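> Protein chains in written order, with our numbering: chain A, 1 to 113; chain B, 114 to 230.
Hints were generated in silico from the structure; no laboratory data involved. Bear in mind that the values here come from a model prediction, so they are computed numbers and not experimental data. Beta carbons are placed, not taken as given, at the ideal position from N, Cα and C, and that holds for glycine. Be aware that one or more of the hints could be misleading.
Below 16 Å or equal to it, Euclidean Cα-Cα: the simulated EDC-like pairs (lysine to aspartate or glutamate) are [unchecked claim]:
#1 K155/B / E57/A
#2 K42/A / E5/A
#3 K155/B / D83/A
#4 K42/A / D175/B
If we take Cβ atoms under 7 Å as the criterion, some of the chain A residues that face chain B in the derived model are [said to hold, decoys possible]:
#5 S26
#6 G29
#7 Y39
#8 S40
#9 M48
#10 K100
#11 T105
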Amino acid sequence: QKEVEQNSGPLSVPEGAIASLNCTYSDRGSQSFFWYRQYSGKSPELIMFIYSNGDKEDGRFTAQLNKASQYVSLLIRDSQPSDSATYLCAVHSTNFGNEKLTFGTGTRLTIIP
Amino acid sequence: EPEVTQTPSHQVTQMGQEVILRCVPISNHLYFYWYRQILGQKVEFLVSFYNNEISEKSEIFDDQFSVERPDGSNFTLKIRSTKLEDSAMYFCATMRGRWGSGANVLTFGAGSRLTVL
C-alpha cells in the first residue's frame, strides 16, 4: 500500500467553480498534513497545513482532515486560471521515519477560463 | 521573504563524474533536507540533516551520495559517480524547528536540475 495516495488527474474545473482535491494516507498514526502547489518546472510551494480533525480555512483554500478515514482534502473556491498547477499532498508520520515528509504523486489541476 | 537558495540551477554532467549541489538555508533554520524529483514522478526524500549529522536517509541515498555543511552556511549534496538515473531535479528544503513544534513548515529552494549524459 502506498504511503500517500492521490488521484493523478488531470482534474479540469471551470473558472469560478470549486476544485476538490483528495488524498489518503496509510499510517493511522500520521500527525501533520500539508498541501503544496507545484507549477511545472518549479519547486513545491506550501499552501496550508492541518493537524486536527475538521476544516481549516485560509482565503480561498480550505483543508479538511478526517483521521478516522485517513483522508485529507483541499478545496479551492472561486478557482482562477492561476490555480492551474499540480497539488501535492504531504504527510508527516513518525512511522514513515521520524524526520521526513512523505509526498503523494500529486493531482494536476487545470482551471478552464 | 527569506528564501532557500540553490546553485547551480542547472548542471549537465557526464556519467561517472562527481557533482556537488549547494544550498544556502534560511538563516534561522536548523533542519535541512534534500529531496529529488525525477521528471513526471513524485517528490522523494533523500536525507535529513541536523546538528551537523544525518538524521535519516532513504534507500535512494546510497554510498554514492553524501551531505555536509562545511562552513556553517552552505549545505551540500555530493554525488560521487553520477549515473543516468540520477538525472532529476534536486530540491533543498529547510525548517526552523523540529516536527511537532509550531515551526515545522518545510520551505523548498528553487531546485537544481541535474542532467547526466
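> Please flag the earlier hints that this structure goes against, numbers listed from lowest up.
As far as the earlier hints go, 1, 2, 3, 4, 5, 6, 7, 8, 9 are violated by this structure, in ascending order.
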